[in-house]
Each structure stands twice: as structure tokens, then as C-alpha cells.
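Novice: The listed protein sequences correspond, in order, to chains A and B. Read in order, the letters of the first sequence correspond to residues 1 to 312 in our numbering. Read in order, the letters of the second sequence correspond to residues 1001 to 1602 in our numbering.
A portion of the hints provided could be inaccurate.
Heads up, simulated SDA-like pairs for lysine to any residue below, C-alpha to C-alpha not over 25 Å straight-line [said to hold, decoys possible]:
1) B:Lys-1140 / A:Trp-62
2) B:Lys-1598 / B:Leu-1329
3) A:Lys-158 / B:Asp-1294
4) B:Lys-1462 / B:Arg-1449
5) B:Lys-1165 / A:Glu-59
Chain A stretches covered by chain B per the calculated footprint, using a threshold of three residues with CB under 8 Å from any CB of chain B [as the list claims (entries may be wrong)]:
6) 34-43
7) 159-167
Hints were generated in silico from the structure; no laboratory data involved. Note that CB positions come from ideal geometry on N, CA and C, so glycine has one too.
The residues making up each chain are set out below.
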Amino acid sequence: MAAYILRRLWQMLPTLLGVVVLVFLLFNWVGGDPAYILAGKMSNPAQIANIRKQLGIDESYWVQLWIFVKQIVTMDFGASWSTGETISHVLSTRLGPSLTVLVPLTILETLISIGLALGVAYVRGSLTDRMVMIACTVGMSISILVYIIVFQYVLAYKFGWFPVQGWGDSFSENLFHYALLPILIGLTVSIAPSLRLFRTFFLDEISQDYVRTARAKGLSEPRILWVHVLRNAAIPVVTYVMSNLPALLIGAFLIERFFSIPGIGREIILAVERSDFPVIKAITVYVAAATMLFNLLADLLYKAIDPRVQLK
Amino acid sequence: MSCRLFFRLCRALSLCLTLLCLCVWPLQQAQAADPEKILHAVFVAPENGFDPAISRDLYSAQVVQSIFETLYTYDYLARPAKLAPQTAEALPEITDGGKTYTIHLKKGIYFYPDPAFGGKRRELTMADYVYSFKRLLDPKLASPHSWLFEGKVVGFDELAAQAKKTGHFDYNAPVAGFELLDRYTLRVHLKHPDFNLGMILAHEPTSAVAHEVVEKYRDVAGQVMGHPVGTGAYYLAEWVRGSRIVLDANPGYRGFTWNFQAGSDPEDQAIVAAMKGKRMPQIGRVDIRVMVEDQSRWLSFIDKQVDLVELQGPLAPKALINGKLRPELAAQGIQLSRIIDPEISYNYWNMQDPVVGGLTKEKIALRRAIALAYNPQEEIAIVWNGEAVPLEYPIPPGIVGYDPDYRSSVHYNPRLANALLDQFGYKKGADGYRTLPDGKPLTITYSARADSNGRQQSEIWKKVYNSLGIRMKDNMMPFPDLLKAEKQCELMSRNSPWIADYPDADNFMQLFYGPNTHQNNNGCSQIPEYDALYAASQKLPDSPERNLLYHKMARVLEVYAPIRVGYARYRNMLAQPNVIGYKKHPILHCEWLYFDMKKEKK
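Next up, chain B with everything else stripped away, as it sits in the complex (with noise of 0.2 Å):
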């Protein structure tokens, strides 16, 4: 052999090498998810079904949060919680005071391999984004999560109202506030500034979907509620409907290094320590079962059949003493992570009803004495066994906006409230109860749902009610009766609870905004002075000066008491000594991606 030829072969050699090296190496990265590493995690009720444009409960939300993926997300650690790219490259570049987005979207994130790709890999593209934002106001498919687009974007709700007239959604037809710059650039043409946006594109509603994979799995209603095929980390592998589900690590995943920083919470050290440099995802598979019975979850939990449970009602005391782990349980190595919950509830009075409506004096103190006779610590102890905190400020902790210092005016004080009620006329006759000012009766009527946690609370507001000498009627009804009451305005009061769909304050503070009556505002107040700086704060992003409107409006609140600003509940996770670095995220759904897990044993 010659020296020549032998220096080819050489060349030849190596040139296979490296071609089989870069070969291997992105399987070898898509291959950190290890089969042998199985999650066994619960859900307490069943899930609808996993098309992100309708999935409306927690449980498929935590499913399509496995299997799709949205632009942002949350960094696992940072609290409050802080957006971070997923599909895009960076944080949207926001300009013209907050109306228009640019995002970039990465290369190379392909969708899980489906017939419907016709045996060739499909690229996500940002036009698959906009696709699945239409699908969010197409009338047909009436998806609960129109809200995330209405009024915001130019020329969509013409396009919506178009296909509303005509029947037929023109999914072709160009929306001008959605402007492609190219496959993996999209601009946002908004109609007025909105600093959400990015948190909105959070949200698995707005995951992505691929067009084709929608006209050939759907239902007569356009739903894919059986079929997800997704980019995100895991593929349905197996599904019994409302028993069992089966999410596989997805082999095509681009994965990512677990690179979070610690946070404020001493135990981040120990999972920044645990975690760091760690490909993700690790865990190979995720097997859910249903359990819809505290005592099954229970007693699933402790014979260590389910890696992962979530602690509620009435199961918090077999496992925690003060919000803390039971001693023999820590002793096994069962690990506790306790949040309070992005959540508010909150007491609302309808201010259209004749008897507690209004803004006359005698109304307001009509309202601010209930107020003063409620004590929210007495409902988390008997209602929700201590887990719970109490609030001063409608915006919770853990949410943008939040305040710790702030302290409301109200507090628990019932001679006041009596004597509020005497000085604005509200009389006591013989039989102990008092009178409205004009001398006719007084009788409120509190409205609850018809189970054991709203039977406990009509108990609850019947004693506040009778502590001011006030006839309290209860008024037990079936959620979607109470629900419909309440979007017509025809409840007087009612004990409503709210959680973020994103972790802004103005999630919260649209709760008592005038023109949202007949949506979220429940208790159909329409206060000017409120509705100006909650108009005035939406073009504003966080900052000391949108704070400040804040403080402003929960002052307004309490000086017109439309609502009794409540509690925030704890979410207690458990899990077992074989879970390692996890923590519960406030927003996220599921975190089975961000940790890992010890093997299970043959």
C-alpha cells in the first residue's frame, strides 16, 4: 500500500468517524431521560382531555404542559416567578410603549413523529404558533381560553367576528397584528400596550399545535382532546380515560442543562447542589393514576406505590404538625414542598343589589362593618384545618406586584362594626335584629357552593352575620347554578376564590374592574375612582409607579368595601426519598421535567 493511499484511508477514517460522532451526539443528548427512572404521580380528578385550545382543568393542563410547548415559561427556581424562553431564543423585545412584540423563535425543535407528518420530521415554526392562536377565537371550537387574545391583537377579533357571520374560521387569512418576519421570527401588533403578553405566551393555552396533525385527528367540534402530538419533552404513550396516563420521555427532545440559580429559599442550595450540570430531562417516564379519594392517594402515598402527592383538605393533618413535616415522616426521608398558593379569596357584596348595593354612606358602612366582623383566621381553622394565610392586600405573595408591607385597614374588630351599624341607623328591633335605615327588614343571603367546604363557610358568615345582629339566609346551590348566578349579577354574597393564570398582580386587580361585570368581576362593582386607576395601571408595566395605582386601588376597595379580602391557601406536595431536587413551582403545572428521581429497583 502506498503512503498516499494509506493517508486516505486515514482521511476517509476519520472523516466516518466524525460524520458517526455528530450522528450520535444528538441522540446521545435526546437519550438523557433514562426508561429506568419512572415517576408515579397522582391526579385527584380526572382529566378532560388534551387539546391546549380546550383542555380547561388542572390535570390536562399538566398533561399538555408535558407534551406541548409554549414561546416562555418559568425559571423552576426564581421567586416570584420569572418568565424564560422555551421555543424562543430570549424574552420578547417589547417596543412602542408596550404594543409591539418581536420574538424569535429557536431552530432545529422538531414535533414528536406523527402519521400526520406523512413519515417526515416536522419543524416547528412560528406560523405553528399563530395557527394555534387562531384556534383560541375560532367560534367552533368556543375555547374557554379566549380571553388570552381578546381585544388585544390588531385585526384578530375582526377575523373572529368574520367567522362568526360566515361559520367558517379562514384560517389562511392573514391577521395583521400577527406579522411573520420570517419561519422563526413573529412581531405582535397589539391594539394597546399590554406588559402580559410574554406571561400570557406562558400559558399551555398557546402552546404550540401542528395544523396537520388538528385536520386529521379532529372531532366533529375541530377538538383533538385523544391525539397530542407535541415538541415538549414527553409523548402520550398510554391512556385509560380517567384512570391512567403515561407520558414517555420524547426521544427527538432537544433537552436542556439544568442551570437554575437558588433563590431566596434555603432549600434551592441543596437542590442547586443536586441538580446543577444534570441533562434534562431525567426521568424517563411518568405514570399517573387517578385517585379521586383522599384515603386511596393516602394510603397509595405511604406504601410508597406514588412517588409524588399533593396534600388536600383533609389529608394536611396526617402529614404536617404547624406547617411542619411529621417527625416519623421525615425520618423516612419524605420530603415537603409547601407554597402558598397564587390565590386569593376573597367575600364579595353584589353592588347592584338593592339591600348591600351601592355607593351611598349607609351602604359603604353597611359593607365595611360585615368586613370588620369577619375573622379570616377562624374560616382557615375550621374550614381549611390551618392551611391557609391570611391576606391584607388583594394581590397574593409569590405574585408580581406583591407587597409585604402593605396593611390593610380592615381587621377583625366586631364592636366597631356594631357601632358603624348604630351610627348609620341600622337599628335593632326587639327580637335582636337590626333594620335596614328606612325601618324595613334586613336579611343578606350568602351563596355557597352545596358541599361540605360551603356548608362550613355558610356556618362561618351565619356567625359574622349574627355577631352584628344581621339576618343571614343561606343560599346552597350546584357550581354551574351558583356560576351562572353569578356571571347575572343575581348573587348578594358570596365567598369567591381566584387563582393566577399568570403571576402578575393584574390578574388579580381585573377582578373588581367595572367592565368586567358579567366576566370576572363577581361582585358587578363599578367603583369610577377604581376603574380609572385600574385603567391607568394597564399601561404601565411593573414598576414603583404601576405599584403606587395598586396601593391606590386596595385603599379604594377598602374604603368602598365591595369585597372582604380573604386568605391564600397552602399547596403541600409530598414526595419520596427517591425524588431528588424538587420543588413546587406557583404557576408551572408540573415541574417532572426540571428534577430527577433514583431508579427504581428490579
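Extracted from the complex, chain A is given alone in its bound form (with noise of 0.2 Å):
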């Protein structure tokens, strides 16, 4: 196992360091020069080569991707070039409002989206079944911007049930009052897409050999759902939340900014907008460094959840 992971580990650096050149590249192409709008509304070409100077832009790329290496390898990606904060400073501050509305997110999505797939891959083709895939379709058919805006509007000013926005400085009370909305609208807006996935992983066990010698052994239901169907469907639907968990260091951007929180999200946009290159490559880096990781602990899942599964 320890060989394994530490293989792993080892392969992931061509794909961290193609992931390096790729946004090195990239911003260098298409990002635009920062010091055009650092130098304000009177700037002078003199200027203009100062920050150049200023913020090493003007240096050779070869010079400005070595640096770039360094930075990853200290983990210390220096200040954003809009506000002088320090990037870890950036990432240790917007991190935990995106993650109070994201973490529960995403376990009552996973957890009531499995719930309901159960239910509904258990009485596949009646009309309840029917009735849920079709709102299910519709839900998925509607962009989330209408979702926030309608439940924006109805449940929070015209119901006065939410805040319309905010955020505060306690845990409790960003969890329990500003988060509970742009939760719910989370939920709303994922839990369709989640439902008919997992549908169709139930649906392939429920037409399974072990689960007609269950039923003819007499276990329950319940049983043979939650636990041998659910165990043996969880390899694809632990594939599913793993790949999704990076998304929580992105955060939820159009949430974040109708809700005014103040995550990470909202920084990224900001970010590029602002062509600050120090936080958009920190992030990138972070997150593609976070994908490899959670697709590292989902193949150690695969083994927790099915022992015939071989690490190789």
C-alpha cells in the first residue's frame, strides 16, 4: 500500500509540473498586461516599465517560469499584485466562507441524493419514478443564475425566511443564517444531476443475481437496499463525489457573489479580472495538486469498499 501511494505521489509531479507550463503559458497569452491597469488612469510608458520592473514581468519567460517553479516548491506564491495581501493570506481568509456553504453542500447532496435514488431506482417505472426523472430534467434544464435570483427575491425579501444576504464574523451564524439559502439553492440546483446518476448505478445492482438470492434468503428491503446494493454501487458513486470535491477549493462563484460572501469563488473571478497572476496561479496549482490528491483517496476508497479491488 505504502509503495503505492508513494508511486502515485511520484507520478504526479510530470502532471503538476505540465499543469505549471500550461498556466504559465496560457496567462502569458491571453492574460493580459497587469501593469496597464496597476499604472491607473495617467500613465506614462515610463511608467509602465516601472511595475513591469516592479512585479519581474519584464523579465525573460524562462527567468519568470524558474521563479514560477521556486514559488511551488517554497509554497510561497509572494502578494497579489492588486492588493499587496499575501497570497496564503488570500487562500487562509476565502477559504472558510466557501467551505461553511460547500462542505454541507455537499454532503446533503451526496446523502439525499442517494436517498432518493434508492427510493427511486426501487420502484423503477412507476409513476412516482416517472414523476421524479421528469422534474429531475426540467430542474436541470433551469441555469442556477434563475434559481438565485427567483429564490432570492421570494424566499428571502418577499418571505423574509432568509437573509437576502450577508455574512458575518462567527461560524455559527454563517452556517445556521447566511449560509442557509445559498445552501439550499446548492441543493436545489445539484441534487437533479446527482439523482440520475446514482439511479442508474442502483438500477445496474438492483438487476443483480445477489439480489434475487437476498430476497429469496428473505432479507428485508431495506437491507438488501441500503446495505448490499449500496455497498456494491458505491465504487462509481464514490468515483463521483471525489472528483467533485476539488470544486470546493474553487468555491461557488455566482453564489458567493449574489450572497456577498466572501470566498474564494469570488476571488478567482476577481482575480483574473485584475490579471493578478501570483493568486491565479497559487489556486491553480493548489487545485490540480487537490484533484490528483482526491483521486489518490478515492482508488484507497475502492479498496476500503471492495477488497477484491487491487492496488497495482
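Since each chain comes alone in its own frame, lean on the hints to assemble the complex.
Specialist: Structural data, given as C-alpha cells:
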């Protein structure tokens, strides 16, 4: 197991290097020149040249790439070009609000989707199954923007059930007051596709011989579904959930904008608008590394779920 | 007790009482701000940070203006904006034909207490201002506001050039142009006459910062974006970056008595009646939230979570009908403060471009024809929801030098425009599109930001060019790329907005001055007649003589048509009924030092 993990970690290096080179090339190709924004309204060529010098973007591409690699190795991405805030501070302060919304959302989404998917898979072909599938299709066809605007207007403003927007200082206030509506919207948007996907996983398993055998042995339906079917369908479910986890690090941009949540999603968009390369490259590298780590974790979980899986 | 002893006791007692009163009096002065008066305000975009030398966005500037102080500011009610002393004793004494300014500082102004001062009260002196001005030219800081002093003060550019060579800016080195006569008096020696220095010294990047604070809290780039310490009416009590900023009234602020005179606006009388004689500031806390989305801001305002909000773009129709507050909102006591922003939006054609540029007759005719075919009213209606006014003059209302009676010779007239093109040999081909007089194809590229407004503007201009039979190609670009191409004179045509840094016509007329090419002269125009007139105008203070030069310059722009003057947008601010005496100022970024509000209900 340890050898497998070490080998996988070693294999991540060339992938990460590819990401680094790609990000670097993309930024220098289409990223825009931040010096022109930082120079302000009344800029002149000498001032722009000075800003480029201060930012280090007047150096050759090789030197800039080498600095980028050194930053990754030392985990010190410097400071934002726009605000002077250190990248470590940007990440540490913005991740919390994003995770406050996204962690409960991911947990609830997974649990609710699994429960509902098992239920509709059990009554496959019934009116309930068809109605749920139609509702899922309709729900998936509507943009998240519509959900946000309607829910914010109706549930928050008209009914006053939730705050229209905002974010406080304490974790409990944020989680149980400000994050509720964003989580509800997130659930409304994300449950439908998860439910449809999980349903197909469960249907594949329900039609297996071992389910018929279990029924013949007189096991109760809940036990068949929650123990046997769920465990056998767990590998694709874990794959799906794990592939979604890195998204926690990039936040939920639209939800953060509308509900004034000072999260990482909003920060990324701001960084792109401002051509703030230190922020962009730090987040990109972290997300790439997280994606690879979560993939590794998924592989390890496969082994835990199904002992027949061999890690090679 | 003997009589003598009794009198001694009485004398001692009265002395103690007097001393007590003297101690308490300034405290009472400073405690005018009521902590129960909490203003809930909104920023439309996140702030960057609060270093006056570095902050470059409007929202950071609002906080900077609340915490730091400049030598000068603007009268709250006077329109056009009128310079007034802030930390200076009086308006500057200008001598030597506009080349020497003598400024006296008020005594007894103190910075907000900070550990950087080692537990001592730190008085503001003129040396702090000189230090703050020097920061603007420190190459390491790369301040976006260096233009405020570049090329102006005797010996200052030389010090900056030295710093560029050595890599070290010597803040202790004397600058001949900044002559400190004593702790409270500064004499500024300029290289050339400049009658706008007073306004420059009212611009928040010139605010006083203390060198101790910079030395203690600066980052590797020398900036102090996160620890602002000033002498202003407020201090930064809480800051969650990009989300919330809380400003509390500075208990040590000297305060002032509200005594502004009503201007020409009839609403001024009511403001004066409500505010006159009040000790300022009244608002004890300003709680600012960043709300990027229109809907969030609007719902928060009508839900009374926010006291003051700016109606941007699509929000205006929700609250206004024909520029007036909707009756249902007016009935709730909501107040509207509406001004024309001190800005112009103009379309330029690149004067260095081989197709549209140059001073030959056929090129002038081409640009004039396009200018005549453009209808600013249409753009105002479609792109700006009617929230702008067309301009006749390159100087907008509210700016010193604006002339409401000036009438442009360029008005919407597509028939005349087509006739002009016909006359100068821009013939239409079989496909309905014109060619250049030499028969080569004529295509004009219009560039705009790759956003919804940019796309709408591009559509408007497509219609203009179609009405003339000219092919137009649109070029939607991200903003940084657009800026870069513009500064390098690579764009053929674009609609460019400009908002005043200081309320003087010079700030607008410099946009078309030849030597400002690659700086702010986006159309890269170099028209000798215009340049000569502008150079002459710089030597004059605000006067009929200078206004005459501006008239001539505006006519030159109409004749050669390097630009088409478009419009200035309205700025609409809504205030809840609990806000007292609010009026949007065209130049000041925030006004909470000048108005009052009712206490929050507990």
C-alpha cells in the first residue's frame, strides 16, 4: 500500500509540471498585461515599464517560469499584485466562507441524492419514478442564475425566511443564518443530476443475481438496498463524489457574488479580471494538486469498499 | 477656618473646576459623533486597500478619504465644486505668477493613536505631507498617482530619477521645490505656472501618512494597504477584505461646525435648515458591505438593510421615472440625490491610423461625416437607460470652465454626413459600401470592452457606419488588452470615458494634447493649433481669457474631428428617510462626514 501511494505521488509530478507550464503559457498568451491596470488613469510608458520591473514581468519567460517553479516548491506565491495581500492570507481567509457553504452542501447533496436515488430505483418504472425523473430533467434545464434570483427575491425578500445577503463574523451565525439559502439553492441545482446518475448505478445493481438471492433468502428490502446494493454501487458513487471535491477549493462563484460571501470563487474571478497572476497561479496549482490527491484517495477508498480491488 | 483659608480653598476649587472644564471641553468636541448613529453603506465592487499612494479604485478611495486628510477639500454644497481648506489654515497663497504656493497648516491636529507612535500623541506637521508627496514618486512603490507631481516641482523629478538609478529613494534628501519654512508652513516651488495645485492637494493620494506607520507596517513593496492610520474623522475598526469595512468615528478628531451656504439647488435650503450649527461628524459608525450584484443591493435597500445606495445601470428604472423618484418610493420618504457626473464619454479616431487618421482634407471629411452620423441620444436611450445627457462641449457640467451656452457645430445629420463623403470621393460600390478616394476598401474597426455595455455600444456604432455605407468590424477585447493597445495607439476607434480627477477644465482638455500621446491622449491626436492653445491655457488661472482659449480648442476639435463628444452620465444616489442632509458631491468620494442620520432603533 505504502509503495503504491509513493508511486502515485511520484507520478503526480509530471502532471503538475504540465499544469504549471500550461498556466504559465496561458497567462502570458491571453492573460493581459497587469501593468496597464496598475498604472492607473494617468499612466505613461516610463511608469508602465517601472511597474513591469517591480512585478518582475519584464524578465525573460525562462526566468519567470523558474520563479514560478521556485514558488511552488517553497509554497510561497508572494503577494497579490492588486492588493498587496499575501497569497497565503488570501487562501486562508477566503477558503473558510466557501467551505462553510460547500461542505454542508456536498454532504447533504450526496446523502439526499443517494436516499432518493435508492427510493426511485426501487420503484423503477412507477409513476413516482417517472415524475421524479421529469422533475430532475426540468430542474437541470434551468440555469442556477434563475434559481438564485427567484429564491433570493421570493424566499429572502418577500417571505423573509432568510437574509437577502450577508456574511458575519462567527462560524455558527454564518452556517445557520447566512449560508442556509445558498445551501438550499445549491441543493436544488445539484441534486437532480446526482440523483439521475446514482439511480442508474443502483438500477445496475438491483438487477444483479445477488439481489434476487438476497430476496429469496428473506432479507428485508431496506437491508438489501442500504447494505448490499449500496455497497456494490459505492465505487461509481465514490468516483463521482471524489471528482467533485476539488471544486470545493474554487468555491461557488455566482452564489458568492449574489449573497456577498467573501469566498474563494469570487476571489478567483476578481483575480482574472485584474490579471492578478500570483492569485491565479496559486489557486490553479492547489486545485490541480487537490484533484490528483482526491483521485488517489478515491482509489484507496475503492480498496476499502471492495477488498477484491487490487492496487497496482 | 479663617477667611483667608476659605478664599484659598475657593480659589483652588475654582482653578480645579476650570482645569477640569478645559480637559473635558475638547473631549466633548470630539464626541459629537453618536455611536448609535450607524450608517449602512454599500460598495459595488471590492476594495483593494487603503494606502493613499497606491489605492487606485473608487471604493478604496472612499475609505482613504474617511481616514486620511488632504490639505484641501471641497465645499459640501457649492457647485461647481469649490476648494476649501481641510488641514490647511486657508487657501494657498499663490505668487510668482502661479509658480509659488505658500500653505499654512492648522496646529494641533493629531494622528489616530497607534503602536507605531510609541504611546505618544503624534502631531501632524508639514513634513508629513512632504513625506507623503515623496512616496508618490518612489519608483519602488510605482504609485499610479505619480502624475500629480511629475514634472511639476523643482528638484522632485531629479530625486526620483536618482532613486531609479540607485534603487533607493532617499526620503531624507531635501527637495528644493518643497521648502519647509517651519513645522506648519510649506512653500512649494513649481517649474511652470500651475493654478490647479490646490485641487491636486485636495486629491486623496496626497493625504498625509506618518512615516512611523509606513516603516512599521509596510510590505516588501513598501505599501501599507492594510493598516491605515490618519488624522481623519474615522478610523478602520474592522475589515474583512472584499466583504465588510467598519469605520468608527475617531474620538480624537477635531471636528467642525456645519456651516455651508446653500447653492443654486433649491434642495440646499432644506439641507442648510436641517444641518446648520451641528457639530460634525454626527455619524458614529459607517458599516460598509460589498455587494457586487444589482439585485442584492436593491433588495437590501428596499428591505431597509442599507441606508445609502448608488443606482447603477439596470437599477435606475426600478427607482426612477424620467429622472424622478417613483411615487411609491417617494411616499416612503426615500430621498434621491441626482447629479451629472463630472465626466465625458467621447468617441475617438486614431489620428495615427492610415485609414481614419491624419490632417488631410479627405481624412478630416471622413471623421466629420462619422461624427455627424452619430446620435448620442440613441446610445443614451439604449445603452444607458436614458441615464445620461448629451454634451455640446468637451468640458462637462459642474467643472470649472464649463460653458452652458456653448453650442457645438457637430449635430446628428446623416444626410449631411453622406453628402460630405460623396463630395470627398468616398464612392459607394455595387455592394452598397464605400471605398477610400483612391478606390481601396474602407473598413473601420471599432474596439470595445468584451462586456454587455461594450457589445451594445458596438451595435450602435455598427448602425452609424451602416447609415454611411462604411464597413465596420468590431473588436471586443478584455479590458487590460484594450488599455494596452490604446496606450500604444493601436486602436482605430473606441468610445472612451473620462471622469474628473479634479474639477477643472484642464483635466479634460489635456486628453487631446499632443504630448500626452501614449498617456491619456487615447486618439493620439497631434493638432498643432490645439496644442498651442492648450499650452497657452496652462499659463492662465480660471478667467474669461482661459475660457476663450477653451472655446477655440473645442472648435478645433470640431473642425479636425479627432473625437466626437458624446455624453455625461447621471449618478443617482438613494438614501433612506433616516438620512438627514445628504447630497452627492461631484468630486468627493464620500460625504458621511457632512450629513447626519436618525439613531438606530434598538
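Novice: Now look at each hint and say whether the structure bears it out.
Specialist: These are the hints, each one checked on the structure:
Straight-line distance between C-alpha atoms of B:Lys-1140 and A:Trp-62 comes to about 24 Å, which keeps the hinted pair within the 25 Å bound. Only pairs whose Cα atoms come within 25 Å are accepted, and B:Lys-1598 paired with B:Leu-1329 is accepted, the gap being roughly 19 Å. For the proposed pair A:Lys-158 and B:Asp-1294, the alpha carbon gap of about 17 Å is at most 25 Å, so the pair holds. With a C-alpha separation of about 15 Å, the suggested pairing of B:Lys-1462 with B:Arg-1449 holds against the 25 Å cut-off.
With a CA separation close to 18 Å, the supplied pair B:Lys-1165 and A:Glu-59 stays within the 25 Å bound. Evaluation of the coverage hint for the stretch 34-43 of chain A: fulfilled, as 9 residues show C-beta separations to chain B shorter than 8 Å, against a requirement of three. For a cut-off of 8 Å, the count of residues in the stretch 159-167 of chain A with a CB near a CB of chain B stands at 4, and the three-residue condition holds.
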